[in-house]
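Using the sequences and the hints, build the whole thing.
Here's the letter readout for the chains.
Number of protein chains: 4
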Amino acid sequence: MLTPNELVVRCLGQRTVDSPLKLSTMRDDGIGDFVPDDARMLFRPDFSPRDPIRADLSFEKAGPRQQLFFDPGHTTAAIVTCGGLCPGLNNVIRSVFFQLHHNYGVRNVVGIRYGYRGLNPVHGVPPVRLTPEFVESIHKLGGTVLGSSRGAEEPRGMVDFLERERINILFCVGGDGTQRGSHAIAEEVNRRGLTIAIVGIPKTIDNDLSYVWRSFGYYSALDKAREILDGAHAEAKGVPNGIALVKLMGRHAGFIAAGATLASQEVNFTLIPEIPFELEGEYGFLPCLKRRILNRGHAVIVVAEGAGQDLVGQGEAGTDASGNVKLQDIGPFLRDKILGYFARERISAGMKYFDPSYVIRSVPANTDDALLCDRLARNAVHAAMAGKTDVLMGLWYNTFIHVPISLAIREKKRLSPESEVWMSVLASTGQPVQFCR
Amino acid sequence: MLTPNELVVRCLGQRTVDSPLKLSTMRDDGIGDFVPDDARMLFRPDFSPRDPIRADLSFEKAGPRQQLFFDPGHTTAAIVTCGGLCPGLNNVIRSVFFQLHHNYGVRNVVGIRYGYRGLNPVHGVPPVRLTPEFVESIHKLGGTVLGSSRGAEEPRGMVDFLERERINILFCVGGDGTQRGSHAIAEEVNRRGLTIAIVGIPKTIDNDLSYVWRSFGYYSALDKAREILDGAHAEAKGVPNGIALVKLMGRHAGFIAAGATLASQEVNFTLIPEIPFELEGEYGFLPCLKRRILNRGHAVIVVAEGAGQDLVGQGEAGTDASGNVKLQDIGPFLRDKILGYFARERISAGMKYFDPSYVIRSVPANTDDALLCDRLARNAVHAAMAGKTDVLMGLWYNTFIHVPISLAIREKKRLSPESEVWMSVLASTGQPVQFCR
Amino acid sequence: MLTPNELVVRCLGQRTVDSPLKLSTMRDDGIGDFVPDDARMLFRPDFSPRDPIRADLSFEKAGPRQQLFFDPGHTTAAIVTCGGLCPGLNNVIRSVFFQLHHNYGVRNVVGIRYGYRGLNPVHGVPPVRLTPEFVESIHKLGGTVLGSSRGAEEPRGMVDFLERERINILFCVGGDGTQRGSHAIAEEVNRRGLTIAIVGIPKTIDNDLSYVWRSFGYYSALDKAREILDGAHAEAKGVPNGIALVKLMGRHAGFIAAGATLASQEVNFTLIPEIPFELEGEYGFLPCLKRRILNRGHAVIVVAEGAGQDLVGQGEAGTDASGNVKLQDIGPFLRDKILGYFARERISAGMKYFDPSYVIRSVPANTDDALLCDRLARNAVHAAMAGKTDVLMGLWYNTFIHVPISLAIREKKRLSPESEVWMSVLASTGQPVQFCR
Amino acid sequence: MLTPNELVVRCLGQRTVDSPLKLSTMRDDGIGDFVPDDARMLFRPDFSPRDPIRADLSFEKAGPRQQLFFDPGHTTAAIVTCGGLCPGLNNVIRSVFFQLHHNYGVRNVVGIRYGYRGLNPVHGVPPVRLTPEFVESIHKLGGTVLGSSRGAEEPRGMVDFLERERINILFCVGGDGTQRGSHAIAEEVNRRGLTIAIVGIPKTIDNDLSYVWRSFGYYSALDKAREILDGAHAEAKGVPNGIALVKLMGRHAGFIAAGATLASQEVNFTLIPEIPFELEGEYGFLPCLKRRILNRGHAVIVVAEGAGQDLVGQGEAGTDASGNVKLQDIGPFLRDKILGYFARERISAGMKYFDPSYVIRSVPANTDDALLCDRLARNAVHAAMAGKTDVLMGLWYNTFIHVPISLAIREKKRLSPESEVWMSVLASTGQPVQFCR
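Protein chains in written order, with the working numbering: chain U, 1 to 437; chain S, 1 to 437; chain R, 1 to 437; chain X, 1 to 437.
Treat the hints with caution; some may be incorrect.
Because identical chains cannot be distinguished in the list, a pair is counted as satisfied if it fits within a single copy or across any two copies.
Taking lysine to aspartate or glutamate pairs in the EDC-like style, the calculated list, with each CA pair at most 16 angstroms apart, reads [as the list claims (entries may be wrong)]:
(1) LYS22 with ASP33
(2) LYS290 with GLU345
(3) LYS337 with ASP310
For the record, the hints were derived by calculation from the structure and aren't laboratory data. This structure is a prediction, so every number in the text was calculated from the model and none was measured.
As C-alpha cells, this is what we get:
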C-alpha cells in the first residue's frame, strides 16, 4: 500500500530565481498562473461509502513555478532518449528544446547520442548541440534524431560526464529500465552533493508505467494497429475458415492488445499477459475458436507478445546450448497449436499470421501523441527549472504530476481484468470469460 | 457556484431486474465489477491550502448497475442523432446497438431518421430497425447513417410518438441545442408520468459542452486540422511574405483552434472567441503580424470562427433587408483587414485563405475517437437500463459520470486564458500576450 | 518471338445486338465513340534506325463495341476472385457490377464465393446475387467480399456449373494460376460448343503478368511499403550501426521491391529475384554492407521474397521428413547471414527485421488503383458483352488491350536489369553493380 | 495539325564528353543502356484502317546519352520552382540534385529562391547552395523549400544573372506561364550565343499541359480530393435532401474534377470547363438535380473552377471600379442558383459548399507522384547534361520524351468529351448527357 511519504518529491535546494515566464499568481486576471508547490492531486478522486476519500494520499501537481532553482542564463540542459523506438520521441525532444530556448531563455541545450551510451565517452559519440534549425521539422519523423540504445552504463561514469560537461539538467526519456538508470544517476549525483536535476520523461509504447495513465506513443501504436487489424479482418474473411492471428506488442501488459481490439471492433479473441488461458479442455481457447469458425466462418485473434508465457514455457522448446530455458515466441507457438488442433479436428482453416511490431513503433506521432508530448515536455522543463530531481513526469486522471522515480519503478502497470477497458473488450469481442483461468 | 443538489441524477423508479451482465460485486476476483449508485467522482480532485477539498461536491459515477429498471426482454430502445456532422456518430450508433443487443439482450432497437424530425410523423420519415448486418461496418464511415437535422420539434408531439411506438429508452446524440430538446422531452415524459428514459450523449466537435472533458469528434477534427495547418505552413513558406489564414470551427470556444495549434506546432497566431483582440494600435494584431513578416518572411494564422465578433460587428456589415444586424464572417473579414493593412504599409504579401470546415467534420472517427465513442456508448446503455433519465453522459478527469441535463446545458464550456492549454499555445506560437485586450 | 497470329483474340460469334450505350461512331461530335474491332495498338510504339517499326505486331484495342454478342436483357454474368488478397478486388467487383447493371442493363449478376471452389458445388458455397445495395460501399474495404481461395477445380465440373446456372459471362479475377484456370474453362466451353464468354481480369500485386503494364493493387502495395520503409529508416537510424532488413512481396519479380525503393528514397540495397548476387567475396553483398555501415552508421535493405533463392537452396536447410528440399525463407536467411558476418567481423550491429506481407496486401485500394480498377472493370464488361472470350484485359503503354489468355500466361513479366526502373534504383540506392553477378 | 519539324529538339552543340554513368550500348548484357538520339516514340501508337500509322510523326525519347555536352566537373546547375504549389516540387528538387551530384558528379547546384524573382537581383533573394543535408528529407514535405512566385521577369535580366553566376543549366519547374518564361530565356540565351541549357519540367496540378500525359501533383490532388468527396457524400446523406457542392481545381481543364469523380465513385454530377451546360430548361442542370433529389434524397456535385464561365459571365456580377467585367466564382454562383431554384420549387434542401483548393495542393506528394517526380527529374538531368535546350520533359504513352517548349505551350491540354475518362464519368455518375449543350 502507498504511504504519504513515498509521494514526496525531492528538490535540489532553495529556489531563488524569478521565473522569466509571463504568468501571474492571481486567478481570473486572464493570465495563466504559476502552480504553487503545495498544489496536490488526490490519489483516488473517486470514492464511495466503502471507499472514503483519503486526503492524505496525493501527488504534487506539475506546472510552472514562480521561483526557479536554476538561473536560465547559466544553465546547460541535456536530453537523452533510451530503449526501443516509440512514436513521439522527436516531439518530446523538440518541445523540451523550444520550452527551454524560447520560453526560459536557456541557451545551452545538448542532445546525448544513442541513449546512455552517449554519456560514456568510451563509446565515442559526443553530444550534439541543439538549435532551432536542427529541431524545426523533426516532429514529423518517426524514430529519434538523437539515436537510442538499450542497456545501462555505470552511473559513476555518467555523472563524471555530466560534471565535466557542466550539465545542470538531464532529461531521461525512457521506460522502466531507463528510469532505473536515471534513479541511479540521481543517487550518484546526490552522493556527490551535486546540483544536477534528473527528470524522467516516461516512454513506453506498451503503456505499462505506473502513475502514467497514458504514455506517449501508445495512441499512435493503436492507430497503426487498428489499420493492421482491419487488414487482418479482410484476410480472415477472404478465405473459407480464415483465421487471422496478430501478435501485438505488450511484454507484460495487454494495453495495446486491448486498445487495438476496441479501436478496430473487428477482433474475436484478445489474449493478454494479465489473464492466463488454457488451450484445450472444456473451456479452452482452441475448442472455443473451433466453435466460432464453425458458426461464423472466420476469426480474428489478437495476442500480446507476453500472453500465455506459461504455455509456451512448458512446451517443446527445450534448452539452448547454455542450458537456459528457451522462451518460445507466443505468435508462432499459437499459430502452430491452432493449425495442429484444426488438423486433428479435420477442419481445413486458412491461417494468416501477422507480426507487425517494428511497423507499428517506428511511425511518427499521431495527433493525440503530438499533443501529449508537447504537454509532457513543457511540464518536464518546468519541473527541472524548479530544481525537482529524481522525479518522473506522471499523468493522473489527466493531470500532470511529479512522481518520485523510486516509486514509479517499483512495479509495472497492469491491465486489470476488472477494469472498464477489459469489460469493453469482452463486450466487443464476445469472447467467453470461461476459457480464461 | 455549483450546489450539491444540482448534481443529483433522476431515476425513473425502483430497480428490480437483475442485470444479465456477467459481472461481480466483489473486488479482486478477476471479474469486472458493477458500479454502485453511491460511487462518486469529486468535482475538484486537485486541491491546495487555499482550495481545500470539497467532499460535498461530486458526480455520480457511470457504469453497469447490478439492478436494472428495464427488463431487457421487454424493452425497446431508440437512438437519434441531431445537429451537424461530427466524426464518431456511426461509432456511437454501432456500440449502443451492440451493447443493447449482444450484452443486455434487448432485441428491439430502432434508429430515428434525420434528428428530431424523425420523431414527428408529419415529416414522414419512419424509424429504421437496427440489426447487426445494418451496423456492421458503419464505424468506418463519416457522417451518420441515420441522417441528422437541425432545429427543434414540439416536445408533446415527440412524446406522443415515443408512446405510440412503445419506446422505453431514447438516446439523444447531440450538442447544446439537442440536449435542450432532450431535457424538454424528459420533462414532458415526467409530466405524463411515463417511464421512458432519456439519455443524452454529448456531441460537439467544438468540445464546448460543460462537464464533458473531451467530446467525441474533437480529436478527429484536430487530426484533420493538423494536416491542413501543415499545408497552410507550406503555402505561407512558399511565397515571399506568405500569410496563411485558416478559419477553424469554434463558434463559442477556441478548443479546436488551440488544439490544432499545438498538434501542428506550425502556427504563429491563434485567435479564439474567449480572448478579445485589437487589430490596430500599439498592441494590435496587425502591427504584430507586420513585425513577424518583416522578421521571418511568413506567418500562419488560425482564427476560430467565433473569434473577434466584436470587431466584425462594428464593421461595415450594416443590416439586412429585415433590419437585422448582419454578422460578417471573421475569416474573409480578417483576410481583408490584413490585405488592407499591408497595402497601406506598402508591404506586398501573399495571402492564402483556408475555410475547411466541412472537410474536417465529415471524416470518419480517428482511433482516439473510436475508443471514446465505444466507451461513451456502452456507459450510456448502462445508465439507460438502470433507469437513469434526463441525464447526460459526462467525462470528468477521464472518468465517465452522470450529469443532469439541466445542469449541463446551463452554460457552455469555455477555454480559459489561464488554462494549461492556452499557456502552451502562447509558448508554442510565441504570440505576444499584448495584442489581446 | 511474338507472331501476329498469337495476338488474335477469339470471339464467340457474330454480333447482332445494338449496344444500349449512348455513344457514337463519329469523331468530334462531342459524344464518346465506340471502338471498332480493327482498332489496334502497336506492340512497340518506340523505334530507332536499328529497331524499325513493326506494323504487323499489334494488339486489339479494348473498349465499347457498337454491336454486342449478348442481349443484355437475357444475359447472366458471374464474377469470381481467386488467389491471394490484392487491394482493389472490391473495386473491380463493384465497377463490373455497375457497368453491367446501370449501363448495359444486365439484371442478373452473381458473385461466385471463395474463388474457383464456388464453381464446384461439392464445396457447398452457392453464388450470391449482386445488387446495388450489396456493392455500394465495398470499394472502401480491403479484401474481397466474395472471398477467394487458391488452387484449381476440374474444368468440366466448373463448366457443368456454368451451364446449369445459365451463366453467359464469367469474369475471372486473378493472376497467373487463375488465368490458366480460366483458359482451361474457355477451352472446355469451346469443346462443348457453348457460348459462354470467359474474360480474365489480371490481378497480381507483384505486377508480374505479361502485357499488363501495371496491375491493380501494385500501387497500393507501394504506398504501404513506402510507409514501412520510412519506419525501417527510422529504426536503422535509431541505433548505432542500425540495419533494417525489409522483406517485400515478389516471388518471381522485383517490381514491388524496386518501386518501393524509389517511392521511399531511403533504401541503400535492393535485392530482387531477377538479379543474382553473392554474399561474400570481393564483390559480395556482405562486405559491401560492411563498408556502408562503417561509413554511414546505418543501412536499409529491401529484399524481395524471391531474391537469392540459389543462395538459400544451397544453405543448411536440409530436407524435411519426406525427403523434400526445404526452401528457406530469404528474409531470416539473410538476417542470420548478416548477423553472422558482422559477428565474425566483430562489428556490433542493431538488426531490425520486417516481414509485412499481409499488412500490405490487405489494405483498401489507393486512389490510383481505384482509378485503374474502374477502367479495367468497365473495359472487361465491354469485351464480354461483345462476345470476346479466352481473353485477358491487358494494359499496354497506358492503353487497354485484349490479350489472348494463352499468350498472357506463356511467361511471367520480369523486371529487366536494363530497364529505366532498375537504373533509377541503382541511382537512388547508390548500391554498386559489382555485387550482382 | 502537327508537322515533323515542330517536333525537333534543339541541342546546344556537339557532345564530346563521355558520360560518367555506368551504362552500356549493348542490349541483354544485364547493364542498362544509353538512349541514342535517334530513338523515337510514335505520336500515335494506335491505329486502324481509317487512321493508318504516321511514321513521320514521332518524339525524341528521353534518357541518358552516352556523350554529354557539359563536363560535369565544370558545370553549375540551377533549379527554379514557379507558380502555385503542387505536390512533388520538393521531390523534383531532391532528385534533380541527387542525380546531378551523386551520379553525374556535378558539384555546384544552386536553388533559385521564389521563382523567377530569384533570377532578378533587384528582389534581393540570392540563390541557396544545395547540399545532400539540405535536401535529405524534403521529399516528405508539401510546398517547395525554394519558395515560388507568380509572374514574369524580364528575360534579359534573368540571362544577365545566369551569365554572372556562371550557371550552365537551368531547370524551370512550372506550368504554362513558367514555360513561356523559360522559352523566352532560351531565346535570349540563343540570341547571345551562350551555351546555357534551359530544361522545362512540367508542373501543373490541373494536368493541362500538352504532351504531358500526367503531370506530377495530379494524383496527389486526386488522393486528397477523393477524401474530400467521401466527406461531401457523408454531408449530403446526413440531412434530408442534402446537396454537397464541391469546387475543385481546373481553370481550363476538367481532369481533377473527372479523376476525383472516378476515384471516389460517390459523385452524381461533374461539371467541367470543356463541356458547357445550361442551368434551366428541359435539359438543364437544375431540373435534373431536382429529379435526383426527389428520387434519391441526396446529391454530390463536383464543379471545376473553370466550368460554366459563360453562365457566370452573363450574371449579375457587373463591372469593377475600372470597368472590367468581374468574373464571379462558379462555386458560390452555382450554390446560389441551386438554392434559388429549390426555393422557387418549394423543396427544402440542405446545401453544403466545399472550396478546398489550398488544402489539396499543399500536401506532400503521394507514392505515385513520388515515383513520377523521381523519373522526371532524372530524365531532365539526362537531357540537360546532353545539352538539350528549350525543351520540356514530356510523357507520352508512359514514355518520357523531349518536347520543344514552343510546341508544348502552343495550346493547353483539354479533357475531350469523347475520351474514355469522360465516358467513365458519365457511366459512374449516371448524369444525363442531355443537360450538356
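Report task. Check each numbered hint against the structure and report the violated ones by number, ascending. Result -> The structure conflicts with no hint, since it agrees with every one listed earlier.
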